[in-house]
Structure formats: structure tokens, C-alpha cells
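Undergrad: Below, each chain spelled out in residue letters.
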Amino acid sequence: MSNETPPKSALREFLGNLVSAPGRIYRAAFRTGTPTTDRTRSNFIFQNVFLHLHAVRTHRWSLRWSTTMGLGIAALAAFLITLVTGILLMCYYKPSPEDAYNSIKDIHFIVPTGRFIRNIHRWAANIMVITVILHMARVFFTAAYRKPREFNWLIGMGLLVTTLGLSFTGYLLPWDQLAYWAITIGANIAQSPREVTDALNITASFDPGGMQRQLLLGSDVVGEEALIRFNLLHVMVLPLLLSALLAVHFWRIRKDGGLTRPEDADKLLGPPPADTYPVFTEAPQKTYHLAAIVRGRTPAVNQAPENTIPSMPHLFYAELGVFMLTVLVCVGLAMFLNAPLKELANPSVPENPAKAPWYFLGLQELVSFSAFMGGTGIPAIVLIGLGLIPFLDREQRGTGEWFGGPGGWPLVKQAIAVGSAATLLVETIAIRFGWLREWFPHIPQLVITFVNPGTIIASIYAVYSIWLVKRYNSARAGALGLFTCFLCGFLILTAIGTYFRGPNWDFYWSPAQWPKH
Amino acid sequence: MSETSNHAGSRLDPEPIPRRDFLGLSSLGAMCASLIFAGVGIFRLPKAAVLSSPSKKFKVALPESLPAGQGFTPPGRSVALFRDEEGVYAISLVCTHLGCIVKSAPEGFECPCHGSRFAADGAVAKGPAPRALPWLQVSGAGVEYLVDEDATVPPGTKVKA
Amino acid sequence: MNKNKHLLLWSSLGTLALLAGAAVQENIFREWRQTQKALATESGPLDVHLRQVVAPKMQAADRCVSCHVGMAAGEQGISGGPLAAPHKPVGHDPAEFGCTVCHAGQGRATDKADAHGDVPFWPDPMIPARYAYAGCGTCHAYVGIPTESQLTGGQAIFERYDCLACHRLDGRGGTLRPGGAGGMEGPDLSAAGLAGYDRRWYEKHLKKREESSDGPWRISFGKIEEPDRTALETFLATRTGAAKLVEAKALFHTLGCQGCHKISGVGGDEGPDMSRVGLKDPGQLNFAHVPGKPTLANWLSAHTREPGKIVPDSKMPVFGLNDAEIDLLTYYMLSLRRGDVSESLWPKDRLRVERFKEREFAADGATLYATLCSGCHGPNGEGRRFPETYPFPAIANPDFLAAATDQFIQDTIKMGRPGRRMPAWGENEGGLRDEEIARIVGHLRRIGGVPEPKRPIAERRWVKADAAAGGKLYAAYCAGCHGAKGEGLEAPALNNKSLLAAADDAYLVETIGRGRRGTTMQSFGEASTVHPALSPAEIESLVAYLRSWEEKKP
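Chains U, D and V, in that order, give the protein sequences.
Residue numbering for the first sequence follows our numbering, starting at 1 and increasing by one per position.
Residue numbering for the second sequence follows our numbering, starting at 1 and increasing by one per position.
Residue numbering for the third sequence follows our numbering, starting at 1 and increasing by one per position.
FYI, nobody ran anything at the bench for these hints, they're computed from the structure.
Remember, it's a predicted structure, so these values are computed and weren't measured experimentally.
Please note that the accuracy of each hint is not assured.
[Unchecked claim] Computed, partial: chain U to chain D, Cβ under 7 Å:
#, residue
1, 184
2, 185
3, 195
4, 214
5, 219
6, 221
7, 352
8, 354
9, 357
10, 370
11, 504
12, 505
[Said to hold, decoys possible] With a Cα cut of at most 30 Å, we get these calculated DSS-like pairs of lysine-lysine:
#, chain 1, residue 1, chain 2, residue 2
13, D, 158, V, 485
14, V, 454, V, 497
15, D, 56, U, 355
16, V, 3, D, 56
17, D, 126, D, 158
18, D, 59, V, 315
19, D, 126, V, 315
20, V, 3, U, 255
[Unchecked claim] Here's a subset of chain U near chain V, in silico, CB distances under 7 Å, partners left out:
#, residue
21, 38
22, 317
23, 321
24, 335
25, 342
From the three backbone atoms N, C-alpha and C, an ideal C-beta is built for every residue, glycine too.
Given these sequences and hints, build the entire structure.
TA: Laid out in C-alpha cells, this is it:
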């Protein structure tokens with residue numbers, strides 16, 4: 001019971017508070033004030049839950065264009081774009097076979113900006129796939145997967161698979177011919193282990209293929225259940241999974257001490273350019289307790305962190321720049337190229353040719369030799385191989401350098417030549433002369449499953465890379481060769497599937513030669 | 001609990017967890033068991049006990065004048081029915097490779113998706129298809145027949161017309 | 001470090017520019033906006049917004065009226081070009097039925113090319129304006145359509161009796177008011193076939209005439225003879241408001257296409273079922289040899305003209321039709337688009353066809369014959385042959401009709417010739433009923449001009465002769481055309497089960513003896529340059545030989 005404060009002054013105080021409220025709200029949100037000094041810049045970052053993902057200071061090596069080419073950020077940007085546009089599309093999309101197609105038509109024709117948003121979604125998804133693959137290639141070629149970053153490499157592979165999964169599940173949703181037959185093929189690829197169990201005559205008791213397909217489709221035909229499942233995966237399960245993996249991925253980058261850089265990065269960089277904001281003017285006067293338990297990154301007393309610059313604003317300009325560049329590319333493509341929408345799904349007449357999205361056409365080319373090896377076997381071997389790389393290559397030489405390690409760029413050039421030549425040669429034989437079945441009509445299926453152009457190409461790569469390991473006496477050299485070969489194979493097979501396959505999956509030099517239909 | 005606190009170890013190097021913490025182990029074990037049980041239960045969910053797709057058995061009336069070697073496909077089904085001197089038979093039109101619907105071609109069937117070709121009796125002639133097109137069970141006589149898409153019969157099984 | 005700032009600046013400005021471009025495109029340059037801006041109402045410029053007709057029953061959400069604004073519900077007095085014109089008066093209000101139900105096309109689209117379906121991946125493009133009434137076929141199945149000649153004959157009679165004086169028909173006539181100025185006018189008969197009319201119209205008309213002393217009733221109406229009245233009624237039944245489509249359908253019936261093609265379950269099955277031929281997806285058709293644009297109409301015309309050229313293994317013969325006929329057939333085929341319209345919405349005619357199995361062709365013998373038989377046996381029963389087929393028998397041949405009993409012809413129609421191209425019309429679901437078969441036989445007798453032969457011997461099987469002797473004769477004189485085992489080469493198969501079952505001995509004896517004048521079957525009762533005259537006993541032995549092919553009854 002305080003009687004010293006008269007009600008009049010409480011009212012005045014109330015009014016005063018009201019007047020100053022906007023300013024207080026602003027300061028409550030932006031506690032640090034204008035980030036002009038080292039301290040406020042640092043505060044700006046670690047007082048903000050989103051920005052605190054970044055280190056307060058960034059090494060100048062990490063900011064070089066040639067280090068990352070912005071690919072990781074571009075992939076993230078593409079994901080964010082698909083996230084936003086995807087939520088917008090969900091306002092109108094109806095996941096049922098009767099309505100799905102019409103709802104896409106409505107998005108096209110009567111939803112203001114609907115077609116534009118759908119196009120952006122489509123292109124951002126494509127760009128996400130491209131950038132994720134390129135990002136992985138960058139990490140591989142700069143040997144950035146090495147200790148302590150092995151785990152993050154695995155997470156990255158999880159992200160790659162999830163990204164492809166998102167793309168594939170999104171493909172079914174319009175319920176047009178393209179969608180329906182791509183999903184039919186996809187679901188049957190999931191069933192392809194039957195090719196082996198059938199040949200061994202054990203399908204009746206052991207049928208992993210049938211179970212996978214059933215799990216995916218929820219029925220024995222591509223229908224309502226499949227649509228609902230794919231929708232669930234596409235809008236809910238996979239984005240959540242991707243976000244979780246992304247969080248770990250980013251967190252690991254910081255835990256692993258930022259981006260990889262060569263041992264002699266500081267020497268290579270030289271003095272900072274004039275237009276950077278100044279580095280710490282004063283060396284720290286005490287050790288940081290929290291920082292002390294971060295492995296190997298204890299700032300020493302009386303020693304300034306060399307060659308780092310404040311993340312605010314240098315890193316943020318770089319990130320925002322890449323982000324807007326990605327937006328620009330997506331919007332630009334979306335302006336001029338419409339996302340496809342074919343006829344309403346017709347379960348009795350397949351598309352001819354029925355082509356999956358372009359990044360799966362390399363796989364489809366393999367599948368056209370053997371469903372099991374092309375659709376399950378070889379991808380599984382590739383994924384396992386990729387995952388093992390950081391554990392097999394435990395060397396130090398060349399970390400952080402493009403094409404670092406024994407052999408270097410000349411080896412990569414040679415691998416490009418070998419990989420392309422092997423792929424083209426085997427493809428040419430298969431296209432020109434057919435394969436085992438045409439030569440020996442009664443050959444057992446198991447032989448074709450394991451001896452087909454896809455497995456032959458993969459074996460050539462493997463033999464070549466083993467030879468490289470011996471030649472350079474280095475696992476890194478073998479990995480460089482193998483990865484380069486696979487990249488070449490992926491590109492060539494994708495190109496063949498995209499441009500040179502026509503009706504009935506026959507070879508044509510150009511779509512102009514396709515039979516008129 | 002009291003055991004560990006009695007030990008005068010370093011703050012940074014505490015006594016390792018006792019090897020036989022019965023209570024702890026059994027509680028963790030119980031948790032794992034219940035989660036595994038729940039997982040097994042949930043694993044049953046994605047497969048309905050009865051599929052909602054329409055019945056695989058259907059009746060079909062063959063056209064009176066169906067030339068031998070020319071297939072008749074009832075609307076909405078992926079089956080071709082044939083009639084020749086020896087009788088009536090049905091061949092599935094679902095490609096054994098990746099499930100596209102094959103088209104009849106002069107010398108048999110061809111699949112538009114990956115170029116598999118089949119002979120007129122369904123045997124694989126070319127391409128990636130691992131198995132022949134299955135022959136389906138047909139029963140009945142005269143004009144109307146019952147086809148069961150789930151039941152396969154050995155190639156060459158024909159029902160007397 | 002300024003490089004990144006530049007990147008951010010220029011990327012953002014570029015994005016901004018693109019978005020501004022998209023906004024301009026979206027809000028100014030859309031086709032329908034431009035269209036609507038060019039139109040005006042009586043009270044000023046037209047309010048620019050997307051318009052549509054939603055017909056939930058027809059599952060239609062048709063935005064066609066965003067450009068064809070004059071046809072939008074509730075829009076009146078719009079001026080500014082052809083798009084401002086209202087729909088011409090039709091039986092169905094577009095505001096209730098939508099547009100695509102009749103005209104096809106892509107109702108959800110808002111750009112012209114998309115909406116008209118002239119884009120890849122839209123399987124049901126608009127029905128061309130010149131075939132507009134083909135759209136009626138989505139729901140309707142007009143019943144009782146006669147042949148072309150009956151149709152034009154009926155029309156001629158309608159005009160001869162000057163019915164057009166008082167009645168309107170397809171936009172003509174109806175100038176005279178029988179009730180006098182301001183009095184009652186004659187009903188419009190354009191849709192009499194659908195709406196129905198008073199069955200006792202003739203008696204009522206006659207009574208009116210007798211009651212009045214002068215005026216229109218006295219001047220314009222007179223006695224109508226019974227056959228003319230029948231023809232008039234047949235004609236009136238075809239007035240459905242879609243005159244051109246009915247004309248096309250009549251031609252289809254005249255040419256006998258249904259002898260090979262089923263429509264709604266009725267017809268032969270030599271050729272593909274045509275019930276949904278108008279719904280074919282142009283994207284699935286081969287246009288390699290089709291002149292002109294890749295439209296369904298062009299494909300159908302080209303295919304009707306030369307089937308084998310468009311579909312390589314087509315068995316359909318070339319009929320040598322003229323352009324007008326092909327165009328009419330195309331018209332009718334485009335109308336064969338009975339979609340999956342909910343049964344509760346079926347019009348009466350469709351219900352009559354699909355539920356009560358009424359015929360879409362008229363019930364008289366002439367129409368039945370033309371619709372189902374004339375395609376192979378010729379319009380006048382003269383027989384026909386097409387390249388690569390054996391000839392179809394001349395079934396109105398006087399020698400045939402003189403030898404065959406009605407029972408024989410009826411049995412033949414009913415049972416067909418198994419294994420040959422003649423289907424069993426009596427057995428199939430889409431086949432003929434007994435009274436229809438009888439009417440066809442009657443029609444044959446009429447065009448052949450030969451009454452049913454009187455059989456002197458009551459027994460059907462009386463021939464008792466030496467089959468072995470007949471066999472030698474057969475090998476010598478018959479096997480050349482009928483095949484060594486009677487399997488049929490140039491001439492019909494004689495070992496056919498149902499032929500031998502249906503034919504009595506008298507028929508066989510008579511046919512061999514008389515031959516068929518005008519065909520390659522000679523009279524074997526008389527001598528010719530290639531064979532001597534066979535004696536009755538020899539002919540009987542031949543018949544006995546033919547009978548030996550019959551399956552022995554246990």
C-alpha cells in the first residue's frame with residue numbers, strides 16, 4: 001500500500017510508456033543497435049536465433065567464390081522457394097484422383113499468379129536437384145569430406161536422396177499422363193527385386209519387392225491411395241525430414257570448424273583487401289569458457305584470430321546475393337517456360353515414350369536394360385560407394401584444394417575421357433547390336449540381370465579406379481577417378497535418355513524423326 | 001547413487017556408470033521393448049487388410065467374329081482375350097518389366113515404355129522384360145467367360161470354346 | 001568484397017523487373033482482359049472480370065463466357081463485335097448446361113488456344129462449328145431414324161401437303177395463322193421427335209377443317225392418304241432440332257455401316273465398336289497420311305475415304321463415297337461421343353435406347369435392311385465384292401428368292417454362318433428380334449419381287465441318293481468355286497453347319513438346278529459350254545453328298 005505515488009503520475013507514466021512503446025518494441029526485438037562495431041556486429045549475430053547458425057567471424061577462404069561457388073546456399077535458397085510456393089499451391093491443390101487434375105487446371109487458369117507460382121515451384125525444384133548434385137561434386141573435388149567432416153558427408157547424401165524423393169513424389173500430384181506413368185514405373189522399380197526372387201523362384205516366400213511397392217502405393221494399382229501417400233510424403237514427411245537433416249548439416253558445419261581450407265590458406269590469401277571491415281583491433285584478454293570445449297578451436301590469449309572478417313556483413317552479403325540470384329533464375333525460367341501438364345491420367349494407355357523427370361532419365365536408361373540392377377542395384381552400389389569415400393580416403397594431401405590429392409586435374413581429365421568413352425562405347429553396342437537376349441534367346445534371366453550394359457559400365461569404372469589406386473598408390477586417386485567416371489556416366493546416360501530416346505524407348509537422333517503419332 | 005558420490009574422482013573424470021545398474025538397464029530395456037512393439041504395430045498400418053481396388057475377376061462377352069490371333073480387350077482391363085480353333089485364352093497386357101500396358105503389334109506385343117517385345121504367346125523376344133506375359137485363368141464357355149487376373153496358368157492353356 | 005553487394009543488387013533488381021513484367025502480363029495483357037475491354041454495355045464500358053458458367057450436374061465450370069461475354073448468364077445489351085452476341089436460341093440454356101457439354105473443348109481454360117483445345121495434351125478439342133450439332137450426341141441418341149431416301153421422301157411429302165404454311169420447321173414456314181390474325185399459330189415442329197405430338201393429330205385436323213367454312217383450315221388442309229401419313233410420322237419422329245445430324249445419321253443407316261460396327265451394343269462386330277468414336281483423342285491417332293490439320297474430323301474423313309491408308313492393317317473396304325457423303329459420315333461419327341453423363345440426366349431418347357433397347361434406326365424392313373445388311377449385300381440386295389474379300393451373296397436375286405423359303409432366310413439371318421463373315425444376328429445381345437428379321441425378309445421379297453415359293457413336298461429332307469456319285473460330280477463341277485471340301489473359295493462355303501441345318505433339300509436342289517442368274521453360279525439343270533446338263537437324279541446325288549458334311553446326329 002504505497003500512498004506516495006498519486007494516481008495522476010501513474011496515468012502520466014502510463015501515457016509516457018505508451019508513447020515510447022514503439023521504440024521499446026523495436027529495441028526489444030533488435031537489442032544490439034546498429035551493427036557498426038565489432039561488438040555490435042557479433043551481438044547482432046548471436047543474439048538472433050536464425051543468424052546464430054553462422055559463426056560471428058568467417059574465414060576469408062570460405063568467402064572466396066571458388067571455394068563453394070555458392071552451391072550450398074543456392075540449394076537452400078531453392079528449397080526455401082519451393083517451400084513458400086509449395087504452401088501457396090497447397091491452398092488450391094486437392095489430392096484426389098477426381099479433383100487433382102482439375103485443381104491444377106484451376107491453378108493455371110483462374111488463380112491469379114497461380115501458373116507463375118507453379119512454374120517457379122517446378123523450376124526451383126529442378127534447380128534444387130542440380131545444385132545439390134553440383135554441391136556434392138564440389139565437396140568431393142575439394143576433398144572436403146575428410147575428417148572431421150565424414151558425418152556431414154553422410155548427412156549430405158541423406159539430403160540428396162531426400163531431394164530426389166521430393167522431386168519424384170511431387171511428380172505424381174497433377175495426376176496427368178506424365179505423372180501416372182512415371183509413378184507406375186517408379187513403383188515397379190520398387191518392386192524390381194522380384195526380378196531376382198522370381199529367377200530364384202522364392203518370390204512366394206520372400207518378396208521384398210512386392211512389399212516395397214505395396215508400401216508405396218497402398219494398393220496393387222496406382223490410384224487414390226497412392227496419390228494420398230505421395231501427397232503425404234511430398235508435403236509433409238520429406239520436407240520435415242529435409243529440414244531436420246538441414247539443421248544437422250548446418251550445425252555440423254560449425255562443429256567441424258567452418259568450411260575446409262588448405263593448410264596454407266592464409267599464405268595463399270595474402271593480406272585482406274582494403275574494403276573489408278577491420279579485424280579485431282584488440283586481441284581477446286581472456287579465454288572463452290564455452291569455446292574451450294569446442295574441439296581444437298580455442299582462441300589463444302593475446303592472439304587475434306587471423307584472416308577472419310566479421311560475418312556481419314560480409315558473409316550475409318554473399319549469402320543474400322546467392323539467394324537472390326537463385327530467385328532470379330527461378331523467376332526468369334518460370335516467366336518463359338511453363339511447367340508441363342499433360343492429359344488426364346489414363347490407366348489403359350501409357351505415354352509413349354513415358355519419360356520420368358530428366359534427372360531420373362539416366363536411371364531410366366539403366367532400367368531399360370534391367371529393372372533390378374538399373375533401378376535398385378546400381379543406385380544402391382553408388383550410394384554405398386559414395387558413403388564409404390570419407391572412410392576409405394583418410395589421406396591428408398590436397399584437402400580444400402580443387403581436384404586436390406595425388407593425380408590432380410590431369411587425373412580427372414583422364415577419368416573424364418575414360419568414363420565417357422566407356423559409357424558411350426557400351427551404349428553404342430547396346431543400341432546398335434542389342435544385348436544378350438537378342439543374341440541368345442534362351443539365356444536365363446539372372447545372367448541378363450547381372451550382365452547388362454549398366455553393370456558392365458559400372459564394372460569398367462571400378463576396374464579403372466582400382467588401377468588408379470595402384471598407379472598413384474592412393475585411395476584418393478581411385479576415388480577421384482571413380483567419382484568423375486560416375487558423374488560422366490550420369491550426364492551421358494541422362495542426355496541419351498532425354499534427347500535420344502523416343503517412342504518404345506527406341507534410339508532416335510532427334511525427336512523430329514519420331515514416328516508421327 | 002551413494003556409491004558414486006562417495007568416490008573422490010576428478011570433476012572431469014567421473015566414475016564410469018556401474019556395469020550392473022539393474023534398475024537403469026531394465027527401465028531402458030522396457031522402453032525399447034514397448035517402442036519396438038509399437039513399431040511393429042505401426043508397421044502393419046500401411047497395408048490394408050483388404051485392398052480397395054476393384055475385383056480382379058471379371059466376366060466378358062467375346063465378340064462373335066473374333067479372328068484367330070486378334071486380341072479382344074474388355075474396356076478398362078489390361079487383358080487380351082484370344083480365340084482360335086483350340087479354344088479361348090487370355091494374356092495379361094501388363095509388361096513384366098515395369099508395369100506399362102503393352103500394345104499388340106504385328107508379331108506379338110510391344111511395350112512403349114522401355115521397348116520390350118513379346119511374341120504372340122507372351123514369351124519375351126527382346127528388351128528388359130524379365131518374364132513372359134502371364135496367361136490368365138479363363139473359365140466358362142460359349143459367349144461369356146470369366147477371367148481371373150490374379151490366377152496365372154501355364155502358357156498354352158486354352159478353354160474349349 | 002563489393003562484388004557480393006553487386007550480386008545482391010543486380011539479382012534483386014532483375015527479380016523485381018521480372019515480377020513487374022509478370023504483373024503487367026497478368027493484369028493487362030491476358031487475352032480475356034483485352035477482349036472484354038473492347039466490349040461495352042449500354043451503360044458504359046464492360047466490367048472486366050473472369051466470368052464462368054458453373055453447372056455442377058454436368059461437372060462443368062466453363063470460362064468460355066469470359067471471352068464470349070454475350071453468352072454469359074445475365075449479360076444483356078453488350079455490343080462490340082461477334083463475342084458480344086448472345087447464344088442463338090437452343091433447347092438447352094447455356095447458363096444451365098455450360099458450354100463444353102455440347103461444344104467440347106477445355107472449359108476451365110481462359111486462353112483461346114487452350115480453351116478451344118487446340119493444344120497438345122487436351123484430348124477433347126472443340127467440335128468444329130460446321131459440325132456443331134454433333135455435340136448433341138454427348139447425351140442424345142435419336143431413335144427411329146430411317147434411311148436417307150425415306151427422310152427426303154418424308155420431307156417432300158411434308159412440303160407437298162404444305163404443312164409449312166402453318167407449322168414452323170427448322171426455321172422455315174409458319175406464316176399462316178390458322179386461328180386468324182391474333183389467333184393460335186401452328187406449333188413449331190422442329191423438335192417434334194423429342195417433344196412428341198398428339199397421335200390423333202390427323203383426326204383433329206380433319207375435324208377442324210370440317211368445322212370451318214373458309215380460312216386457313218379450309219384452304220390449306222386436305223385429306224392425307226395412309227402411306228403418306230406414315231411417311232409423315234416417320235419424318236416427324238426425326239425432327240429433333242438437329243436436322244443436319246439426323247441427315248448424317250440417316251446416311252449412316254443407308255450405307256449399312258452398322259452391319260460391321262456396333263453402336264450402343266447394336267450392330268455387327270466385324271469392325272470396331274463405334275459408340276465412342278467421337279471421343280477419340282487426336283493425340284493418340286496417326287496423322288502421317290491425313291491431309292490438313294491433325295483434327296479428329298480430318299482423321300475420320302481421311303479414314304472413311306481410304307481406311308487402309310490411315311490404319312495400315314484395316315480390314316475396312318474402300319466404299320468410294322463422294323465428299324458430301326464423307327462429310328456427313330464424319331458429322332455423324334463426331335456425334336458418337338456418348339460420354340459418362342450421369343444416368344439421371346439422360347434425355348428420354350437415350351433412356352429409350354439404353355434401357356428399353358429401342359432402335360436408333362426406324363423399324364421398317366427397308367431401314368433395317370439398309371442399316372444392317374446393305375453394307376455387304378448391297379443397297380438392293382445385288383451382292384457386293386470388295387478387293388481382298390470373297391463376294392457377298394446377292395440375296396435379292398430372284399433365283400435365290402424363288403428357291404429359298406422365308407424360314408430358310410430367317411434361320412440364316414438368325415444363325416449366321418459361323419466362321420464366315422455373316423454374323424448370327426439372332427443370338428447376339430445386339431442382334432435382331434424375330435419380328436425384325438421377318439420384316440427384313442419381307443423387304444427382300446419386295447425388292448426382289450418374288451413371293452415365297454410353295455413347297456410341293458412337305459418333308460424337308462426327302463433326297464435319298466448316292467452320295468458317292470455326288471462326290472464325283474462335286475469334284476468335277478463345284479469344287480473349283482466352292483472348294484474341294486466345300487470350304488468356300490470364290491463362292492460361299494457349302495460345308496457350313498448352319499447352312500446345312502437351315503437349308504431344306506428343295507432349296508439345294510432348286511439352287512443347283514436353276515443357278516443364280518447374274519452371278520457366277522450357273523444353272524446346272526441346263527447344259528453350258530463347260531458342263532453338261534445334270535439330271536434331277538444327279539442333282540439329288542449332289543445334295544446327298546453335301547448332306548454328308550453335316551454333323552451326324554446321334
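Undergrad: Indicate, hint by hint, whether the structure satisfies it.
TA: Results of checking the hints against the structure:
1. 184: holds (5 Å)
2. 185: At about 5 Å, which falls below the 7 Å cut-off, the nearest Cβ of chain D leaves the hint on residue 185 of chain U intact, so it holds.
3. 195: The hint holds - residue 195 of chain U has a Cβ within 7 Å of chain D, the shortest such distance being about 5 Å.
4. 214: holds (6 Å)
5. 219: This interface hint holds because 5 Å falls under the 7 Å limit.
6. 221: Nearest chain D Cβ about 5 Å off; hint holds.
7. 352: holds (4 Å)
8. 354: This interface hint holds because 5 Å falls under the 7 Å limit.
9. 357: violated (15 Å)
10. 370: Since chain D brings a Cβ to about 6 Å from residue 370 of chain U, closer than 7 Å, the hint holds.
11. 504: holds (5 Å)
12. 505: holds (4 Å)
13. D:158 to V:485: Answer holds: residue 158 of chain D to residue 485 of chain V is near 27 Å, not above 30 Å.
14. V:454 to V:497: holds (25 Å)
15. D:56 to U:355: OK: residue 56 of chain D and residue 355 of chain U at ~28 Å, within 30 Å.
16. V:3 to D:56: Violated, because 65 Å separates the two Cα atoms, which is more than 30 Å.
17. D:126 to D:158: Given pair residue 126 of chain D, residue 158 of chain D holds - Cα atoms ~25 Å apart, limit 30 Å.
18. D:59 to V:315: Since the Cα atoms of residue 59 of chain D and residue 315 of chain V sit roughly 28 Å apart, the hinted pair holds (cutoff 30 Å).
19. D:126 to V:315: holds (29 Å)
20. V:3 to U:255: Holds, at roughly 29 Å.
21. 38: Violated: closest Cβ of chain V sits about 16 Å from residue 38 of chain U, beyond 7 Å.
22. 317: holds (4 Å)
23. 321: Cβ of residue 321 of chain U sits 3 Å from chain V, so the hint holds.
24. 335: holds (6 Å)
25. 342: holds (4 Å)
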